[in-house]
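Please take these sequences and the hints and turn them into a complete structure.
So the chains spell out like this:
There are 2 protein chains.
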Amino acid sequence: MDFSPELIAIGQKAKDAARKLAYSSTANKNKALLAMADALLAHEQEILVANQKDVEAAIQKGIKKSLVNRLTLTSEGIHQMSDSLREVVNLADPVGEGEFWTRPNGLRIQRTRVPLGVVAMVYEARPNVTVDAAALCLKSGNAVILRGGSEAIESNKVLSRVISEASERQGMPTASIQLLENTDRQWVQQLMKMNGYVDVIIPRGGAGLIQTVVKESTVPVIETGTGVCHAFVDQEGNFDKGVSIVFNSKTHRPGVCNALETVLIHEAVASEFLPLLGEKLWDYGVEIRGCEKTCAILPYASKARSEDWGTEYLDLIISAKVVKDVDEAMDHIYQYGTKHSETIITENYTTAQRFLNEVDAAAVYVNASTRFTDGGRFGFGAEIGISTQKLHARGPMGLRELTTMKYMIYGEDHIVT
Amino acid sequence: MDFSPELIAIGQKAKDAARKLAYSSTANKNKALLAMADALLAHEQEILVANQKDVEAAIQKGIKKSLVNRLTLTSEGIHQMSDSLREVVNLADPVGEGEFWTRPNGLRIQRTRVPLGVVAMVYEARPNVTVDAAALCLKSGNAVILRGGSEAIESNKVLSRVISEASERQGMPTASIQLLENTDRQWVQQLMKMNGYVDVIIPRGGAGLIQTVVKESTVPVIETGTGVCHAFVDQEGNFDKGVSIVFNSKTHRPGVCNALETVLIHEAVASEFLPLLGEKLWDYGVEIRGCEKTCAILPYASKARSEDWGTEYLDLIISAKVVKDVDEAMDHIYQYGTKHSETIITENYTTAQRFLNEVDAAAVYVNASTRFTDGGRFGFGAEIGISTQKLHARGPMGLRELTTMKYMIYGEDHIVT
Numbered sequence: 001m002d003f004s005p006e007l008i009a010i011g012q013k014a015k016d017a018a019r020k021l022a023y024s025s026t027a028n029k030n031k032a033l034l035a036m037a038d039a040l041l042a043h044e045q046e047i048l049v050a051n052q053k054d055v056e057a058a059i060q061k062g063i064k065k066s067l068v069n070r071l072t073l074t075s076e077g078i079h080q081m082s083d084s085l086r087e088v089v090n091l092a093d094p095v096g097e098g099e100f101w102t103r104p105n106g107l108r109i110q111r112t113r114v115p116l117g118v119v120a121m122v123y124e125a126r127p128n129v130t131v132d133a134a135a136l137c138l139k140s141g142n143a144v145i146l147r148g149g150s151e152a153i154e155s156n157k158v159l160s161r162v163i164s165e166a167s168e169r170q171g172m173p174t175a176s177i178q179l180l181e182n183t184d185r186q187w188v189q190q191l192m193k194m195n196g197y198v199d200v201i202i203p204r205g206g207a208g209l210i211q212t213v214v215k216e217s218t219v220p221v222i223e224t225g226t227g228v229c230h231a232f233v234d235q236e237g238n239f240d241k242g243v244s245i246v247f248n249s250k251t252h253r254p255g256v257c258n259a260l261e262t263v264l265i266h267e268a269v270a271s272e273f274l275p276l277l278g279e280k281l282w283d284y285g286v287e288i289r290g291c292e293k294t295c296a297i298l299p300y301a302s303k304a305r306s307e308d309w310g311t312e313y314l315d316l317i318i319s320a321k322v323v324k325d326v327d328e329a330m331d332h333i334y335q336y337g338t339k340h341s342e343t344i345i346t347e348n349y350t351t352a353q354r355f356l357n358e359v360d361a362a363a364v365y366v367n368a369s370t371r372f373t374d375g376g377r378f379g380f381g382a383e384i385g386i387s388t389q390k391l392h393a394r395g396p397m398g399l400r401e402l403t404t405m406k407y408m409i410y411g412e413d414h415i416v417t
Numbered sequence: 001m002d003f004s005p006e007l008i009a010i011g012q013k014a015k016d017a018a019r020k021l022a023y024s025s026t027a028n029k030n031k032a033l034l035a036m037a038d039a040l041l042a043h044e045q046e047i048l049v050a051n052q053k054d055v056e057a058a059i060q061k062g063i064k065k066s067l068v069n070r071l072t073l074t075s076e077g078i079h080q081m082s083d084s085l086r087e088v089v090n091l092a093d094p095v096g097e098g099e100f101w102t103r104p105n106g107l108r109i110q111r112t113r114v115p116l117g118v119v120a121m122v123y124e125a126r127p128n129v130t131v132d133a134a135a136l137c138l139k140s141g142n143a144v145i146l147r148g149g150s151e152a153i154e155s156n157k158v159l160s161r162v163i164s165e166a167s168e169r170q171g172m173p174t175a176s177i178q179l180l181e182n183t184d185r186q187w188v189q190q191l192m193k194m195n196g197y198v199d200v201i202i203p204r205g206g207a208g209l210i211q212t213v214v215k216e217s218t219v220p221v222i223e224t225g226t227g228v229c230h231a232f233v234d235q236e237g238n239f240d241k242g243v244s245i246v247f248n249s250k251t252h253r254p255g256v257c258n259a260l261e262t263v264l265i266h267e268a269v270a271s272e273f274l275p276l277l278g279e280k281l282w283d284y285g286v287e288i289r290g291c292e293k294t295c296a297i298l299p300y301a302s303k304a305r306s307e308d309w310g311t312e313y314l315d316l317i318i319s320a321k322v323v324k325d326v327d328e329a330m331d332h333i334y335q336y337g338t339k340h341s342e343t344i345i346t347e348n349y350t351t352a353q354r355f356l357n358e359v360d361a362a363a364v365y366v367n368a369s370t371r372f373t374d375g376g377r378f379g380f381g382a383e384i385g386i387s388t389q390k391l392h393a394r395g396p397m398g399l400r401e402l403t404t405m406k407y408m409i410y411g412e413d414h415i416v417t
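Chains A and B, in that order, are what the protein sequence lines are. For what it's worth, this note's numbering labels the leading residue of the first sequence as 1, then goes sequentially. For what it's worth, this note's numbering labels the leading residue of the second sequence as 1, then goes sequentially.
Don't read these hints as lab results, they were simulated from the structure. Bear in mind that the values here come from a model prediction, so they are computed numbers and not experimental data. Hints should not be assumed to be uniformly reliable.
No copy labels: a pair is met if it fits in one copy or bridges any two.
Distance condition first, Cα-Cα at most 25 Å in a straight line; then the derived PhoX-like pairs of lysine-lysine [claimed, not checked]:
(1) 31 / 157
(2) 157 / 193
(3) 215 / 193
Dropping the structure here:
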């Protein structure tokens, strides 16, 4: 692949920054984060003006309203970004954590957490990702290359300049935070092949973006995102819990990856439970797409097509299927799930344990909403994304997931025999 | 990509096996491993006959001697394979390890180690990898798809059949261990794209194989291998230690990835130290390719070309360079190293600490041989390979690196607000 010399220069600067960042002290990184938080507030007007340009351009292009909303920054939003930087200051720095042991020959092996190096973030229209990702990467000692969507380019330019200048003034290495100002697709395609410069690439956004990165990148990827999450209401499930958990999982924030898409109902309780659940969902305006049995019980349900199973609606739509037992439920999840978050509603101990053990997903719940799969709600304090892959990180990724290990070994003239 | 239906069938069988293997008990997996060890001995003759076919075919094809050696099995070799299976029995099973915490709302989160799922191993001519990889995958609860080199196909067919049958007789799921009997390149290329069937692909072998897999695979890869390892003999290095560590790192087993390729010498001690080192290496038959200063000191050194820096000789050849100080040494390692294993010989505390902190590699040593970078020597008991990437696993990979985490969450009607 022919790389753009400008992009190689950005990669090299990131590598050089990463080399120094790797042994920056927590105290110095925190000083930089506080300065970044202050700088955002100091440049509020400038940020809002740039954002206004992006928003106007988006409206002119006829971009859909939900996207324009995600793009739009307000004064309150800028204060929230600033606050979130201060929260990152309070998170424990994983760099330098570790354990050590001594081998029988006296060799001391110290397994130490170190930064990954250079992290590339590829995301879409939300400008706050620029600030979040930069903060988490800085705190964990990584240089970051940010590539946001073209719709947010003016906002991102100002945001990244403001925080990057503030961090450099506090002594952080130049180019610790870089934005790809050129949003040409060509550049992302090159970025995905920059092994030797980029240590990991994290796509955040829609399924299309994520799949492109997974398929095309030769740089190691952390796959985030897509969640076709299920709830199984067991024969021995408590109906009140079932209604409240399914309702919460589906409606609390339908546009996010840990929202529920499908409810599976044990056939022994379907005719009793489904009307209770259905009424609550229907009243709230949730469209129900059911299997034949569901439709026979709920007259207002429409018939699900085969592609409904496996669809991440990200909307007030739910698919519903009556199943024979927990085995059929688990088979369905195995076939259509994306290994994100799955929950069972049951009072039966053994069924609960089977579900926990046998369902393969980042987060498996008993009697709880799938919406808990979140770095903040897990107690990690911040989140760079939710990994749906198994390698390196699974589930909500906090600062620790932005690090790797290094073995430091203390010898005294040790040779192998 | 169009997938071969046979390959998809293999992938599906592996997935189904993995689903059951995930919750096989340690006791049952150990029983299977012991049966596999017995079966290898019981089928010794059959294995030797199949191996003889491979060896004869290789000799006829004029394949080079070192490769034929790696391919050849002996009765002793089969006993060693059998013993190594028994050793895996003694290793701790990482599956089910974990930690848990309780959130302020009472939600109990249990972070549990679980198998990766389906592991694909792509390797070259050594038939013992077939047995090693199968054993480590089984012990860690993973289904494995083995794809060995075509040169070893007859040996691999018998080996995989013998151990697979033995494990199934002990109740392990069918298809826990599968060999790709078709060694067509097409199949490997498809295997590398089988996301949804294969959770991770681990290439083991030469740099060519590894780079192909890294570049072409859309399945997550663990990169193993290439080690351009350096030793830096500091101004304050002890000469005896320097000679013994460099000699050991270079000559103990030159064909492996943790062997030394380059020695860097502080200019203040070069004229005194190099003759001591050079003589010992020269006597042993090691070719020395030096920088100008090295050649001026050692008349028997040949002049290094620029491509010598960065070359993994895997042979009795060493490159040698005189550097100004530890900074120049670290810059050289930064430029030419592969982040595998690096060592410094010094008595100076601060220089040692700087080297440990600032050199970015899986294993960084003070006064010890790079040859220690090995699962067994680190105390992990067994090794599936040495990772030179930063994601998921770094350095020697044992059983734990063949697992991922899963969150099991115990709620009591928990919903988010």
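Structure-based check of each hint:
no. : hint      : result
1   : 31 / 157  : within (23 Å within a copy, 61 Å between copies)
2   : 157 / 193 : within (24 Å within a copy, 37 Å between copies)
3   : 215 / 193 : both (11 Å within a copy, 9 Å between copies)
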